[in-house]
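As a plain string of letters, each chain reads:
Number of protein chains: 4
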Amino acid sequence: MNVGLVGVTGYSGSVLYELLLHHPNVDHVNLYGHAQKEAQALEEVLPQLRRRTYILPYNPADIMENNQMVFFATSAGVTTELAQPFIEKGFPVIDLAGDFRLKSRDVYQKWYKKEAPDFLDLKNSHYGLADFTSAKGATYVANPGCYATATILALAPLVKNHLIDPASIIVDAKSGTSGAGKKLSESTHFSQTNENLQLYKVNQHQHIPEIVQQLQKWDEEVPYIQFTTTLLPLTRGIMASCYAKAKSGITEDDVRNAFIQTYSDTTFVNATEGVFPTIKQVVGTNFCDIGYQLNPVTHQIVIVSVIDNLLKGAAGQAIQNFNQMFDYEPGAGLDLIPVLP
Amino acid sequence: MNVGLVGVTGYSGSVLYELLLHHPNVDHVNLYGHAQKEAQALEEVLPQLRRRTYILPYNPADIMENNQMVFFATSAGVTTELAQPFIEKGFPVIDLAGDFRLKSRDVYQKWYKKEAPDFLDLKNSHYGLADFTSAKGATYVANPGCYATATILALAPLVKNHLIDPASIIVDAKSGTSGAGKKLSESTHFSQTNENLQLYKVNQHQHIPEIVQQLQKWDEEVPYIQFTTTLLPLTRGIMASCYAKAKSGITEDDVRNAFIQTYSDTTFVNATEGVFPTIKQVVGTNFCDIGYQLNPVTHQIVIVSVIDNLLKGAAGQAIQNFNQMFDYEPGAGLDLIPVLP
Amino acid sequence: MNVGLVGVTGYSGSVLYELLLHHPNVDHVNLYGHAQKEAQALEEVLPQLRRRTYILPYNPADIMENNQMVFFATSAGVTTELAQPFIEKGFPVIDLAGDFRLKSRDVYQKWYKKEAPDFLDLKNSHYGLADFTSAKGATYVANPGCYATATILALAPLVKNHLIDPASIIVDAKSGTSGAGKKLSESTHFSQTNENLQLYKVNQHQHIPEIVQQLQKWDEEVPYIQFTTTLLPLTRGIMASCYAKAKSGITEDDVRNAFIQTYSDTTFVNATEGVFPTIKQVVGTNFCDIGYQLNPVTHQIVIVSVIDNLLKGAAGQAIQNFNQMFDYEPGAGLDLIPVLP
Amino acid sequence: MNVGLVGVTGYSGSVLYELLLHHPNVDHVNLYGHAQKEAQALEEVLPQLRRRTYILPYNPADIMENNQMVFFATSAGVTTELAQPFIEKGFPVIDLAGDFRLKSRDVYQKWYKKEAPDFLDLKNSHYGLADFTSAKGATYVANPGCYATATILALAPLVKNHLIDPASIIVDAKSGTSGAGKKLSESTHFSQTNENLQLYKVNQHQHIPEIVQQLQKWDEEVPYIQFTTTLLPLTRGIMASCYAKAKSGITEDDVRNAFIQTYSDTTFVNATEGVFPTIKQVVGTNFCDIGYQLNPVTHQIVIVSVIDNLLKGAAGQAIQNFNQMFDYEPGAGLDLIPVLP
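Respectively, the protein sequence lines represent chains A, B, C and D.
The numbering of the first sequence is the UniProt record's numbering, which starts it at 1 and goes up by one.
The numbering of the second sequence is the UniProt record's numbering, which starts it at 1 and goes up by one.
The numbering of the third sequence is the UniProt record's numbering, which starts it at 1 and goes up by one.
The numbering of the fourth sequence is the UniProt record's numbering, which starts it at 1 and goes up by one.
Simulated from the structure, these hints should not be mistaken for lab results.
Certain hints may be false.
No copy labels: a pair is met if it fits in one copy or bridges any two.
As the list claims (entries may be wrong) - Calculated pairs, DSS-like style, for lysine-lysine (alpha carbon to alpha carbon, straight line, at most 30 Å): (1) Lys-37 to Lys-110; (2) Lys-103 to Lys-183; (3) Lys-160 to Lys-201; (4) Lys-201 to Lys-182.
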């Protein structure tokens, strides 16, 4: 099959493009630039990909004619402007940006600081948390955010099974700089980032409502959570260190069973009691590794999850959703070589 | 005055030596190696210091005869073996290791996994948390640990003023590799540490009882806290991200006032509401910078403190204690040039 | 086909194992530990590979019975001890270590500081510089060293075409820490490596005779070259910055033509005039990218080559040799996803 | 005495400001912003300096009235515009920028790509290579560039004593990112710089003519040299790896004697035969450490020098010139604490 990709030049877009080129069920990938007026050789903008092809001008009709689905790996706000023709025709879209993740217009407005456009069909988009949902039959998939993926996967077993006090959740999340994209900024200037640790958007990160929305599906008593984001002096990877108070009477067995039941049948999530994962062990892969431990003294549970923010946190999970949408093997195109060492 | 220094070859020891050489009230520093049998030229072991002097063989009588006080910057367990003659004579000691920090023999045994020797005079050592205590008149100063310093300074205003639920304290602490010292290990092998984040000693770090001991002095209801330590891919600096639930009715004003009252007269601690510090802004200095914020939605307070683990977390605080002990200016020898950039 | 791999636990070995698992012509990979007495679960030593298999005890007869060829990714000196039974039977070996690279026993003795064993059949090993030779028909392939690969590929067009004064060659090579392997050492201790640049083995690196041996095949007037090795604060990648004086009368056209003729038909070497490559553009791939420029003022030619030391400099080139040996496509198993970003 | 400083906000400027505040002969430092219209609190732009003072509006008359000399730590081109009033009055200036370093208008035009203004009094500026010259009596000091300092100090003993073939000089220089300043750029975006090595301005760096101008003072046969600059994934430090062919008959003794004679009386330059320095050993100090070795096989001499680019390569050498200008101790204000580790 042929697939379209809008936005190959960003970090997630380039990674997604490479995954698609190696996907056993994809015949051809057509590239489009959402602000492109004329075809441009990919080598001019991304020579390191060494692919002789073109980024084509943006035209929804062409995209729909020449592909069976399209990925958007564009910046926040772009699909709000562009998605309508695809939605109207019911043409399959997987959107890596945040525009269609929130179901509530009020929440959207609060966190994105602008009103959701009337045509924004939030209700009918599918939030593609691939290890818990299936995109089969969906036409518009909103691929989860990187922090959201790491955090939700860490907390899911405890929230779903009502093992923790929902008001006690604290997430201390850390990310490498690739999460901030290609755009130059003071906080990602090498002399500033290197040998440093910088907090940003404390309690203000736009992934918070997305996390809360999902957790509330499982336990509506989950309130707004405490969420801290820290910029690491490394390029790739996220670690979400999560803390929550076990409900009275909850034992180590309860916690362990919840993780085992939740993840034993998944392809990409591994949870281990008492062994905390490192970022590096998942870089280059689509895995989410989780370590957890109930502290018998404080009765706090520590849950630490790690992902590669550009794979499981973006392009990799998008492929999982793609596989579900078209009924391919869950791991198709995702048997990746980890970065060693 | 002349001072002795045992253990110049470790990271804290070399930094302390340089501070002492630049201290306006120190005339001469005599170096000793606790396992040294013969004098050894310093240049052989630490050529980058460019100092033409010798590390002298260890001899307590000589040390006491030729100096007015002595610093120990030795590994854990060494002063347990060596301190007795100095204690017996009441000779002033500032000990950068953890051996004399805990007051309770039971706690010592639990965390250091061995019985405290009979002669270990834990009760009479002075825990030199320099921004809260004075070492004036003390003869044996136990200099606080690096994680302990960052954490206690972050939590002190809230604990002392009983503003938080003491059972809700969670500390997500991160440290650069210099905290692990010169000793080679797999987790500090460059190919392993670089581009990585590694947890270690979760809820097991030996600084935990030291933190709890101090917090309980201020509020005896503080239980064992949740404490996570993460190894960062950078050399110098600690960030302690602390979380605690505000007691019912506590307002932003209460929190702000507590920080202002606690730290407005200190030389080296700066606390700012709503502005979170970066590690780099304190590297090369003796400052502890703190940012704090009460989240009105979750009623959690986030407090983030940063220090240079080898200065405020070790050698710098030792100089503060030295200044108190001998009645020098609080900031003497500590007007340091920050690492820019 | 089934292949054996001795030495999966080293950095090159793990990378090679992953490449083989993804190789379209390999059915099964059997792992062996050269010092292994009993089978050991791979997950115990390399959990991040997530492969449920065993490292089998070392037994040459078993290896030859159960595989059609064997790779050695063992430390220097190991194949000197182990290779004989395979050589005697003419069983195909690809050896990633340096033991069989040098043809002269005198040179071997000089650089490896020990006499080459009598049975060491140096003459009949095939030096597998894969872009210039074919391993078809060879039974014992000595896979080139990482520095040697980067340097020889940079200099080949100029040496083969006699465009430079052979006595003027200077190589300023730099490598990431993965080249030094897993073994702990002071120079790869994070606090020492980070924010640092360290020279080592200046004019003494064991890849020098290997480089000279190959260059002399093309121009016997090439003398011992000037070769500097510098340890970079990064994990993966080599850059070889090479300098040589153009012979009198040599023009930019001559230089350009030499590079074009040499590399236009290769799969993995790209040379561009006036554009110098970065290390990152080849990390995760088997490519060697080269930039070159004749300085018309100094008449020096600068040639800069970059490779991923564990791929093109080790496991990737080994796969090239494997493909040649068994007549597979030159790029089989090497269509890798680059590390982006 | 009072000194003025124009340009505190850049990296060199902030470091210079801190040095001046710690200098025993400086009473007060007045800060000026060359584009400043109104006084601005320093804490607003450089909070990490923790200094309560103001950056004053730029006014040459005020500067000359309130100070005994002025430093310019401004970007390239700024002093070309601003220096005239000070030169006319013979008011002492130390200029850290490149504007007045070149003596020849032709060379200036070629490398800076614009004509030197008529008023640019290149002839009368003093090129302050502090270990070889004295700024005593000079009124306008052009402080050398960072690459120029490292390179000239490495080559000086050999060039002055005519021990090498001047046409054979090759410099492979590497710098941390702080040399590129605060300005954002793609090559210093963390995700691009990190885990990478990038060449830039090969044979085009504006420090080349400055190096050649100085070397030609010592040996007019020195032609334009081969000069490569590489951006390192670290913040501070320069390493210049220099290569040159020894003239026929030159021995190791000749080389050693040249280095000993040249540097044995200097305060800040240390040269050692056969031991190559690391960048880290000079970071935080004003030292230039040099290692050198004559390769008896190739008859090439390798000379490797390291400096802290912001100290010896900028602000530190400016202090050396300041000390010479006002007859202070050569090392006044420069007994710095190295960055350990």
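Regarding Lys-201 and Lys-182, is the shortest C-alpha distance of 30 Å or less found within a copy, between copies, in both, or in neither? Both: 19 Å inside a copy, 23 Å across copies.
First find the shortest C-alpha distance between Lys-160 and Lys-201 inside one copy, then the shortest across copies, and answer within, between, both or neither for a cut-off of 30 Å. Classified as both: same-chain Cα gap 28 Å, cross-chain 29 Å, threshold 30 Å.
When no copy is named, should Lys-37 and Lys-110 be tagged within, between, both, or neither for a Cα gap of at most 30 Å? neither (34 Å within a copy, 39 Å between copies)
One pair to classify: Lys-103 and Lys-183, alpha carbons no more than 30 Å apart. Within, between, both, or neither? within (28 Å within a copy, 41 Å between copies)
Violated hint: 1 only; the structure is consistent with all others.
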